[in-house]
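Trainee: Read off the chains here:
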Amino acid sequence: MAVKSMAVKSAGAVDLAAAPRAEATGHTAAPAFRLRDLVLEYREGTQVVRPIDGVDLEVPQGEFTCILGPSGHGKSTLLRCLAGLIAPAGGTVEAAGEQVSGPGADRGMVFQQDAIPMWLRVEDNVAFGPRMRGVPPREYRERVDRLITEVGLDDRRRAWPRQLSGGMRKRVAIAAVFANDPDVLLMDEPFSALDFFTRSRLQNLLLQLWAETGKTICFVTHDIDEALVLADRIVVVKDGGIAMDVPVAFPRPRGEELRALPEAQDLRRELLDILGEG
Amino acid sequence: MAAPVLDRRARRPDRAAPGSFGTRSRTLFRPRRVAVGVVVLALLWEAVSLLVTRGVEHPEFVMPDLVHVARYGLPGLADYYTGWLGGTPPSAGGERTWPMGLAALVEHGAISVGRILVGFVLGLAAGVLLGLLMSASRAVRNAGFGIATLLRTLPVLALGPLFTLWFGATSAMSVSFVAFAVGLVMLVATMTAVANLDLDVVRYSRSLGLGAFAVQRRVVLPAILPELGGAALVAVPLAWSVLLASEIYGIQEGLGWMMGKAVQFTLVDRITVIAVVFVLLTFVMLRAVQAISARITRWAE
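If you read the protein sequences in the order shown, they are chains A and B.
Using our numbering, the first residue of the first sequence is number 1, and each one after it goes up by one.
Using our numbering, the first residue of the second sequence is number 1001, and each one after it goes up by one.
Read the hints as simulated data drawn from the structure, not as lab findings.
Keep in mind that this is a model prediction, so the values were computed, not measured.
Treat the hints with care, since some could be wrong.
Some chain A residues judged to face chain B by a derived CB distance under 10 Å, without partners named [as the list claims (entries may be wrong)]: (1) A83; (2) P117; (3) A176.
Per label pair, the in silico range of CB-to-CB distance [unchecked claim]: (4) B:S1137 / A:R201: 42 to 48 Å; (5) B:N1142 / A:G97: 34 to 40 Å; (6) B:N1142 / A:T46: 18 to 24 Å; (7) B:A1294 / A:V49: 42 to 48 Å; (8) A:R201 / B:A1294: 34 to 40 Å; (9) B:V1140 / A:D266: 52 to 58 Å; (10) B:N1196 / A:T213: 34 to 40 Å; (11) A:E277 / B:I1147: 49 to 55 Å; (12) A:T46 / B:L1280: 54 to 60 Å; (13) B:N1196 / A:G134: 46 to 52 Å; (14) B:V1140 / A:T46: 23 to 29 Å; (15) B:V1038 / A:G134: 53 to 59 Å; (16) B:V1113 / A:G134: 39 to 45 Å; (17) B:R1295 / A:R36: 48 to 54 Å.
For glycine and all other residues, C-beta sits at the position ideal for the given N, C-alpha and C.
Using the sequences provided together with the hints, build the complete structure.
Mentor: What follows is the structure, given as structure tokens:
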């Protein structure tokens, strides 16, 4: 299935032609991801299920892309394929111009559920990636310290994850992924289990770290408002294909005032229509 | 007026409520309860002893009372003392005394403890290592899990004669038999724990750039430690049972050997003393394993 890039018109008054962040930040290298006729499938008994069937997609470097879609329509599967955790049944996946053949430190992932090592204290968790890859401490120590401070866990450095709240553990996961200095962050509904206020705080934290580092972020969510707050671009994955691909050019920071913007309301309505169809 | 506290545990902020995140079941140890248990058991023993030996000509060969056990059982163990710790054992013309009986217990207890420690550590290491290796590949895991589960359901003690035939009546036989029994428990526990492991933990580590070996060593192994701690606690009493069986099969030293000799002559008082020592040693080892496990997995409490 071909990408319906820009084919779906969005809110009229929004400057959808605004330059994406990747161009604004001067990235000219190969795209962070290039998917060509991607097919993903798995067996369910005797049946072969294709959650993703013939997807083409390019994600420029430095872009914050939200992959939006209803539950069970393949968005998390697509993300895991980008991470190299699932091999394609057909088509190709390239990351920064290289064929993806498995997971790698260039593509860090944050999961919906707690996936951080519970047996490591906060500071060891944040330093886990570079330490395990044999990076000399002098090369990551400062970055780890800065990230712990930025995510507001300075006074919980020596705490075990079980002693933290769900939001704090998510902050540890985000800091740990940034500390590993990947090119791309893949985030699979990381805030879906959190309450509204914690989620808002973490969204702001993520945007702040993104702005500082210029990393490419692919963020899976089923929450339209979350996508509108975070994304440079929203890709709607539905029925195994891309149902909509639209840039989001609302000015940042996007707070509560975003809800009042008629253009945002139009785009929100349009996304709701797409997600609700069928 | 303060609101009534419905859950007593809610008064202790350091103690998690039942079922809350990060808690795990622990074998409870309450010294007072243990002391009460010991007293109740002793009273029960006395009561049953009185009942079953009423009218019996030689009650000491059936179920002697505890005074008889203390008076004759412990000093009688001196017969198995070799003089290893000094003093003159009865076999060299000495007398059956409490100190000589204690010396026999220490001498043969040390040998048994040595065997069980070596066997336990070897079995634990081999079981966990093999479990991790077998879990690394789905095909091997599926094949191995069936075999391990089948072996686990076998009465391990029934394999004792085989080990005697293979290794002879030696310490190597005893150690290998204990290692086999413990290894089997740990193998099944390791494979089960790996199968139940949240795959996102592994995926997360791989996305940080960890290779297959590093994932096994740095992620899978620590993640399953709480389950392994529980399995090790199950393996302790099994290890002691197996040790006893192995020593009874003809080895010339150790607590089990003493037990075997006492059984030959129906010396119930001596058997009782040795059995109590077995229980005590099992209890001490359980506490030690529990303490080590709690220390290693303190992050999970």
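Trainee: Regarding N1142 (chain B) and T46 (chain A), is the given constraint of 18 to 24 Å on their beta-carbon distance met?
Mentor: 19 Å, holds
Trainee: Given a hinted range of 42 to 48 Å, is it respected by the beta-carbon distance of A1294 (chain B) and V49 (chain A)?
Mentor: 44 Å, holds
Trainee: Could you say whether the range 53 to 59 Å given as a hint is met by the Cβ separation of V1038 (chain B) and G134 (chain A)?
Mentor: Once the Cβ atoms are compared, 54 Å apart, the range 53 to 59 Å for G134 (chain A) and V1038 (chain B) holds.
Trainee: Within 34 to 40 Å: is that where the Cβ-Cβ distance between R201 (chain A) and A1294 (chain B) falls?
Mentor: Taking Cβ atoms as reference, R201 (chain A) and A1294 (chain B) lie about 35 Å apart, which means the hint holds.
Trainee: Tell me if the interface restraint on P117 (chain A) is satisfied: Cβ within less than 10 Å of some Cβ in chain B.
Mentor: 7 Å, holds
Trainee: Regarding the hint that A176 (chain A) lies at the interface with chain B, is the smallest CB-CB distance below 10 Å?
Mentor: 7 Å, holds
Trainee: For V1140 (chain B) and D266 (chain A), compare the CB-CB distance with the range 52 to 58 Å and indicate the outcome.
Mentor: Given range 52 to 58 Å: holds, Cβ gap about 57 Å.
Trainee: CB of N1196 (chain B) to CB of T213 (chain A), is that within 34 to 40 Å?
Mentor: 36 Å, holds
Trainee: Does the hinted range 46 to 52 Å hold for N1196 (chain B) and G134 (chain A) at CB?
Mentor: Because 30 Å falls outside the window, the suggested range is violated.
Trainee: Is the hint on A83 (chain A) kept, meaning its closest Cβ partner in chain B is under 10 Å away?
Mentor: For A83 (chain A), the interface hint holds, since the closest Cβ of chain B sits about 5 Å away, which is under 10 Å.
Trainee: Quick one: are T46 (chain A) and L1280 (chain B) within 54 to 60 Å, going by C-beta?
Mentor: 59 Å, holds
Trainee: May I ask you to test the hint 34 to 40 Å on the CB atoms belonging to N1142 (chain B) and G97 (chain A)?
Mentor: For N1142 (chain B) and G97 (chain A) the Cβ distance comes to about 39 Å; the hint holds.
Violation of the numbered hints given earlier is confined to hint 13; every other hint is satisfied by the structure.
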